[in-house]
Amino acid sequence: MWQRETFKKIKQIPREEHVLPGTALCAGCGGLEALRLAAKVLGDHVVYVNAAGCFTMLAAYPYTSFKGSWLYTTMGSAPAGAQGVRDALDVLIAKGRLPKSEDVKVVVLGGDGSTYDMALSSTSGALHRKLDFYYICYDNEAYGNTGMQLSPATPYAARTATSPCSVQHPAATTQEKKDIFEIWRAHRPPYIATVAPRYPLDLEEKFVRAAAFTGPKMFLALSACPTGWVYDPGETPEVAKLAVETGLWPLKEAINGVVTHTYIPKRKPVEAYLKLQGRFRHLFEPTVQTDAIRHIQERVDAYWQPVTKEQA
Amino acid sequence: MYAVRFHGRGGQGAKTASRILGTAAFLSGYVAQDSPIYGAERRGAPVAAFTRFGREPIRERGVIAYPDLVVVADASLLEDPAARVSDGITDQTILFVNSPLHAEQIRTQSKLPGRIMTLGVTEIALQHFGQREAISALLGAVAARLAGLQQEPLRQAIARELGDLGVAPPIIERNQTVALMCYESVQVMARESAAEPATRATIFHTPVYESPCRGTARISASGNSVLRETGGWRTFRPVLVADKCNGCWLCFVYCPDGVIAMNQDDRPVVDYAHCKGCQICVHECPTHALVAEREQEGGVAWTAK
Amino acid sequence: MDSQMMTGNLAAAWGARLADVDYIPAFPITPQTEIVEALAKWCERGDLAARFVSMDSEHSMMTAAGAAEVAGARVFTATSSQGLLHAFEVLYSISGWRAPLVLVNVSRALAAPITLESDHNDVLAARDAGFLQIHAETCQEVLDSILMAYRIAEDERVMLPVIVNLDGFTLSFTREPVSLPDPDMVRRFLPPFRPSHLGFTASSPQALGVAVIGGTSYAYFRHQVHLAARNALEVHREAAESFHALFGRRYDLVEGYRLEDADDVLVMTNAGASKGKAAVDAARAQGQRVGLLRLRVVRPWPAEAIRQALRGRRGVAVLDQNLAPGQGGILYQEVAACLYHEVLRPQALCSFIGGLGGQNISAGEFQAIFEQTAEAGVAGTGLGPVLLYSAEEHREMTQLQMLAGGNA
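Protein chains in written order, with my numbering: chain A, 1 to 312; chain B, 1 to 305; chain C, 1 to 408.
Please keep in mind that the hints were generated in silico from the structure rather than gathered at the bench.
All values reported here derive from a predicted model rather than from experimental measurement.
Even glycine gets a Cβ: it sits at the ideal position worked out from N, Cα and C.
Possibly wrong hints are sitting among the right ones.
[As the list claims (entries may be wrong)] Cut-off 30 Å, straight-line C-alpha distance, at most; resulting in silico cross-link-like pairs (DSSO-like, lysine-lysine):
#1 A:Lys-95 to A:Lys-67
#2 A:Lys-9 to A:Lys-100
#3 C:Lys-41 to A:Lys-95
#4 A:Lys-105 to A:Lys-8
#5 A:Lys-275 to A:Lys-178
#6 B:Lys-244 to A:Lys-9
#7 A:Lys-100 to A:Lys-67
#8 B:Lys-111 to A:Lys-11
#9 A:Lys-67 to A:Lys-177
#10 A:Lys-9 to A:Lys-266
#11 B:Lys-244 to A:Lys-8
#12 A:Lys-268 to A:Lys-309
#13 A:Lys-100 to C:Lys-41
#14 A:Lys-130 to C:Lys-277
#15 A:Lys-268 to A:Lys-8
#16 A:Lys-268 to A:Lys-11
#17 A:Lys-178 to A:Lys-95
#18 A:Lys-177 to A:Lys-95
[What the hints assert, rightly or not] Across the chosen pairs, the derived CB separations fall in these ranges:
#19 A:Asp-179 to B:Lys-244: 53 to 59 Å
#20 B:Cys-213 to A:Lys-8: 41 to 47 Å
#21 A:Thr-162 to C:Glu-37: 52 to 58 Å
#22 B:Cys-213 to A:Tyr-156: 28 to 34 Å
#23 C:Ile-114 to A:His-169: 34 to 40 Å
#24 B:Pro-81 to C:Arg-311: 51 to 57 Å
#25 B:Asp-87 to A:Glu-298: 43 to 49 Å
#26 C:Met-402 to A:His-169: 36 to 42 Å
#27 C:Arg-250 to B:Thr-199: 24 to 30 Å
#28 B:Phe-236 to A:Tyr-156: 56 to 62 Å
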């Protein structure tokens, strides 16, 4: 049974903020919430290596939201940017040109578009080279910065700007969400975790646990997105909560490839989650698409069956 | 040529309003042009859109520097320097502000020139649609009226533009009905052309080389985004009912922007200069100690530095 | 100084070694691979105190190179052709970061059709990326140019990345004697890399490569890149003088060969210029007063040096080893532009395209260029673009097409 050792109570969450307000990100951004909580463990001695995405706006001339450093790279190669920064810091420290006390953590920020698509080769390379870095994917399940187009992270039946509902495709998106967790895990990095901002203690604990490992520390953060998922911004935690409680977003970690689920939900029916969001409204209006909803439920059930068996 | 500039916040439909006006002008037989400014700004941040129409080919593009009509979708924009509402406004400009306040109150508060008129479009939207952001057709209708366009092309334009956005036919019909109510509610104002200021050849001030410390897109200031206040994004503000608060920290923990701090007594202190009004704290407060209050329009509730 | 036989590739590797670089992200591509192979070996053996990392693509390689440079390391990397284009967007980022790394490009023609031998469409595609460009003629010049490149790049008045270009095969795989500069003297020539605007440290954080909103900031920063590149003209002169004083070899922005009394001048770049010089000698032997101007630094564009060299000539021929489809030779356009306001501009400016995909340029073709340029100069009318393509090559091509089964 997985237990939190550092973060047992809400009031242990550090008061200090490391991602400062005044950002141009949407009100109610679930990705920003995940980053803000992560940064409470990561601190300020960090260089964020950013891929093109919504977070690009966190440092827009002449303003930055960080007390740490930032490097905007490209959409397809932020992990390679992390490689360059990490290697340079190591070399400069080894050559005595930089005191060890000046070292910083290297943290990649990438959306799902970058992470699941264009930067996959670059990520695979960094994982393969056992680069000592953090990777935070803020996954809002579509190309969000360009206005919500289909990405490989888009789940079955979500409507996006490029996967609309039609007579041929009444359930909108026809393909399943790419399992990036398993793709990462196939590389056997020391630490992988999924997190959701509505579970702050689980999130904070995982960043603390990750810190013990040298090598790639990979985070997949559910980033509930009021703008793209079409719900009221105030419902971001509720949407994130239902993603977890329905079993659609498993909270888990993998240490050297060994998977542990950090929270076993009782699994509410998926409708509870789907109904909250405009991107799934076509599943309920004008008629209920029973087959599509059942398909989603069956996929969730199939995922959890071996997990619960193991637990028992 | 008649030039209309729309100011709104991301998500309020300023772009759609400018398109409704553009299409209405086009359907009226005018040469028309409309365009938005795409910033990297998100929902809630200031945006602008432009519509031009006339009898002659339009030889301008992009930003409208000297508008005949300015439509302001959110009165808080008047106070927000980033929105640049006042640019190019003269005594002749018609300035429409979405606000329940009287024009005179807006004039006194904003100190803007121009012929100001107001209508509480958000209140009308809340009343008829239950949504504060469903105002694009209503703003388009107000603009059409002030620009002297007829009702029928406006009706058609609303149908086309909302239809393109995938709005369901019954909702389009309701939009048309409410939009025509707004159309009837505003008085036509005769256009008074202000002479555009005479231009002179620009004196160039070509930059010279600077040290890469300054001459590179880099920021060495630390965490200075706090200088950008985002409080104006709010329509509703979270307000603490102190005796209901149990000091649980959840509002502080869940706030994406980190604008809630817990004081010595474990009570939340909201940084209203930056709170974007997402309402997460209101939704998540287990004791309902945080409530949403409608921002008072006209910059009363929040004043930019 | 000891001299030894080495390829252009090995000379490039020696340039990086003598510059005492800190970091080498690498990816193999013909005809560049030998460079990174040598560097990998030296890093492994401890001959060079740099970290060598095999990357997953040129796009990643260039990103890592730029990121390491902005973190404060002296970085070297190398690529060619398709690899340069695969990394293309990153080139603009690196110049925008003002990251003064050195990239060796071993020129190779671009697909399609895929091929291996040299022409300059690859490196010239990058001419507007904000990298400075030095195009080398000899293996010695490859090595020396890399040392000069670091000195110029890291100057506070420049702070821009540099591409040092050498031709695939005709230089990359060609051995000739190269004198290895003394490392202590190189240290005198090239001060340690301590940039004021770069580095990510705990105590002095910074955000780099940030987004800008609107054209005012964008235009300002890109214009700074332009000004920095213009500054490189003077910084190059200083570096050339210092290099000459220390090592006895002199490299200017352009190199004139037998220009003194030349009526007609042939303009070339890179290793092909050696053959051009031989053709000048042959033509001179026949009594033709011809000379050659080799463009060595292509970015910044050495307009004044070109004007000085070409002022008052009768005919000028630009032999481009590249082709801009629908336009012609790339360097021809730039030479023409910088002569426009020259009162004593040449009577005729002729454009020849040759050496595409490593196609041989024969002595007879050089002779034809000189003859046609002289005629054009006398007539006062320009010429071209003329593709250097002989009847024999045409016959060969027809046979190949027949074998390929191409129906007319």
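Against the structure, the hints come out as follows:
1. A:Lys-95 to A:Lys-67: 27 Å, holds
2. A:Lys-9 to A:Lys-100: 33 Å, violated
3. C:Lys-41 to A:Lys-95: 20 Å, holds
4. A:Lys-105 to A:Lys-8: The given pair, whose Cα atoms are some 25 Å apart, holds under the 30 Å limit.
5. A:Lys-275 to A:Lys-178: 22 Å, holds
6. B:Lys-244 to A:Lys-9: Holds. Lys-244 (chain B) to Lys-9 (chain A) sits at ~21 Å (cutoff 30 Å).
7. A:Lys-100 to A:Lys-67: 19 Å, holds
8. B:Lys-111 to A:Lys-11: 47 Å, violated
9. A:Lys-67 to A:Lys-177: 35 Å, violated
10. A:Lys-9 to A:Lys-266: 22 Å, holds
11. B:Lys-244 to A:Lys-8: 25 Å, holds
12. A:Lys-268 to A:Lys-309: 18 Å, holds
13. A:Lys-100 to C:Lys-41: 28 Å, holds
14. A:Lys-130 to C:Lys-277: Roughly 51 Å separates the two Cα atoms, so the pair is violated.
15. A:Lys-268 to A:Lys-8: 25 Å, holds
16. A:Lys-268 to A:Lys-11: Roughly 28 Å separates the two Cα atoms, so the pair holds.
17. A:Lys-178 to A:Lys-95: 42 Å, violated
18. A:Lys-177 to A:Lys-95: Not OK: Lys-177 (chain A) and Lys-95 (chain A) at ~45 Å, beyond 30 Å, violated.
19. A:Asp-179 to B:Lys-244: 53 to 59 Å: 44 Å, violated
20. B:Cys-213 to A:Lys-8: 41 to 47 Å: 46 Å Cβ-Cβ, so the 41 to 47 Å window holds.
21. A:Thr-162 to C:Glu-37: 52 to 58 Å: At 44 Å between Cβs, range violated.
22. B:Cys-213 to A:Tyr-156: 28 to 34 Å: Roughly 51 Å apart at Cβ, these two residues miss the hinted range, so it is violated.
23. C:Ile-114 to A:His-169: 34 to 40 Å: 39 Å, holds
24. B:Pro-81 to C:Arg-311: 51 to 57 Å: Given a distance of about 55 Å, which is inside 51 to 57 Å, the answer is holds.
25. B:Asp-87 to A:Glu-298: 43 to 49 Å: Violated, at about 57 Å.
26. C:Met-402 to A:His-169: 36 to 42 Å: 51 Å, violated
27. C:Arg-250 to B:Thr-199: 24 to 30 Å: 53 Å, violated
28. B:Phe-236 to A:Tyr-156: 56 to 62 Å: 35 Å, violated
Checked against the numbered hints listed earlier, the structure breaks hints 2, 8, 9, 14, 17, 18, 19, 21, 22, 25, 26, 27 and 28; every other hint is satisfied.
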